[in-house]
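K.L.:
What follows is each chain in one-letter form.
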Amino acid sequence: MRYMVIRTENLTKFFGRQAAVRNLTLDVEPGEIFGFLGSTGAGKSTVVRMLLDIVRPSVGRALVLGLDSRRNGLEIRKKVGYLPSAFSANPGTTGAALLRYLEQLRGGVDYDDVVQLAEQLKADLDTPFGLLKPAERQKIGIIQAFMHRPELLILDEPTRLLDPHTQDAFSRLAQQARAEGRTIFFTSTSLTEMERLCDRTAIIHHGELIAIERGVQLRSRALRHVEMRFAGPIAAETFSRLPNLKDLRLEDNTVRCTILGDPDALIKAVSQFRVTNFISQTPSLEEVLLQYYGVGQNAA
Amino acid sequence: MRLEIFRRAFSEQTAPLLKNWAIATGTVNLVLAGLGRFLLHPETPSEWQNSFTLLEQVTGLKTVAATPAGWFTASSFNLLLPLLLGFFSVGVGSRLIAWEEENGILGLLLSYPLSRSHILIEKFAALLAGQTLLGTVVWITLYVLGLAAGFHLPAAVLALACLNSSLLALVFGAAAFTLGVVSGSVRKSRWITAATALAFYLLYRTPSFLPQASFLKYLSPFTYALPLSAANNLVTGSPWVSLALIGVLLALGWKVFESRDLDF
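Residue numbers (our numbering), protein chains in the order written: chain A, 13 to 312; chain B, -13 to 250.
Just so you know, the hints here were simulated from the structure itself, not pulled from any lab data.
Do not take every clue at face value.
As the list claims (entries may be wrong) - One-sided and incomplete, this derived list gives chain B residues near chain A with beta-carbon spacing under 7 Å:
hint: 1; residue: S(-3)
hint: 2; residue: P2
hint: 3; residue: N6
hint: 4; residue: E42
hint: 5; residue: V44
hint: 6; residue: E88
hint: 7; residue: N89
hint: 8; residue: G90
hint: 9; residue: L94
hint: 10; residue: L96
hint: 11; residue: Y98
hint: 12; residue: P193
hint: 13; residue: V242
hint: 14; residue: E244
The beta carbon of each residue, even a glycine, is placed where N, CA and C say it ideally should be.
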């Protein structure tokens, strides 16, 4: 059997009578950035916690780094860096004190790596945790996940609270880890982020795996609501011949439509006219799931 | 492993309360020593001697001897110390695991290469250390204040009495700790422990208000730690029931902690 960094087999979790995750089977290959995309409450965090033996599967099993998550949890956790979805600490602890503590719990960490990561993320390590903004706390969480150069990083919504600049810094860290042959498994609710960062992405909805897409495929799944205003009247035929538009509406000099996938054809088509305003909005993940996978109508 | 969890649990979750409680118990002992000196003074008017009868009624003790040992047994070991030490133990025990679970810290800890048993033991050790230190503070202050008040309380006997009281308090601390482990809720663990302690205290006092059901007192750990006999010396009950209960509660907590889903 080929070695997989993560392999889940019919992984299922019930909380009471409700299934949080149902029959999840997936493989994560060594050295890839693997995304786990789903709306809030889709079951992403439950899967992550099952991988680390924090939550126990009701049915099925998970192999992490070739080891059974239930039987070899301790061995697995030595080699994994984890960022929980809500990273938290005692309010009175500074980032530096917290990282020292975690470094001692982990063992074998070079504190220079911690300092370097803090510089890369511009993290504030001197202010008590309780006084830090959520984005600053998240930076400390990212540092502790990366600090021991783990073989596998399991990150639960790592960029959710970050500003664009820090998101870029995080992307660089992730790319660097992949270049060193390490594997990253991370969850997100953002399709854009997944298509930008991930080699492959699994999409989960209401605890069930819907699809696993490569980055290129995911890009073609992009959905944008666009509103354009022109200096003068514009013919409807300009748009109606474009294959990847839907919900097209023309009112006075304004065009509203939804682009499925690449916006290139639309931009080229309107380039011959004078555009006075252009608004592009990314729809919710639920809308994308409904459009491409036919799920999400009854989303919670 | 260098006891990092123990150190942190002690410094962040035990020591702040320990400091306040050490001051509180020290102050209570100071007041009791002063009051005892006044009551036991030969020139104190005889009507004040009624205080000892009142103590018999409040504590349920058969007789409270008008001696330093009788006074401290009734006023401190059978009345105020169980309350003070118990509040400390429950206050700390309920937070050690449950507060971290409520605040999402436990999940991070569990992602580190530490077994659940390891976390449980080091966390409980922080409570044990706190309780031991507080018991020691009580012992030293009682001994020193007793000397200052002109009483001669034997240090070893006083130490045994403090140990007994600390173990009884630790029974409820262990209960709060285990309930925190089971429920993941500080509030639940505190309220359930408080209600249980009250129920056990009522069982303990059945001979006073329901003599025909006095056999029920044997269901209460108070009975074994603080027997309702004559208070004429500091020797109190047996520590074995308290120790056994602490062991059972910890085993239960360990069993649940090992098997349940955490931090969800």
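K.L.:
State for each hint whether it applies.
P.N.:
Hints, verified against the model:
1. S(-3): At about 10 Å, which exceeds the 7 Å cut-off, the nearest Cβ of chain A leaves the hint on S(-3) of chain B violated.
2. P2: Constraint on P2 of chain B not satisfied, violated at 9 Å.
3. N6: violated (16 Å)
4. E42: Since the shortest Cβ distance to chain A is 47 Å, the answer is violated.
5. V44: Violated, about 41 Å.
6. E88: E88 of chain B check fails; min Cβ-Cβ to chain A is 10 Å, beyond 7 Å.
7. N89: holds (5 Å)
8. G90: Hint holds; G90 of chain B Cβ to chain A Cβ min 4 Å, cut 7 Å.
9. L94: holds (6 Å)
10. L96: Holds - the Cβ of L96 of chain B comes within 7 Å of chain A, reaching about 5 Å at its closest.
11. Y98: holds (5 Å)
12. P193: Violated, because the Cβ-Cβ distance from P193 of chain B to chain A comes to roughly 45 Å (cut-off 7 Å).
13. V242: Hint on V242 of chain B: violated, closest Cβ of chain A at ~13 Å, above 7 Å.
14. E244: Interface hint status for E244 of chain B: violated (10 Å vs cutoff 7 Å).
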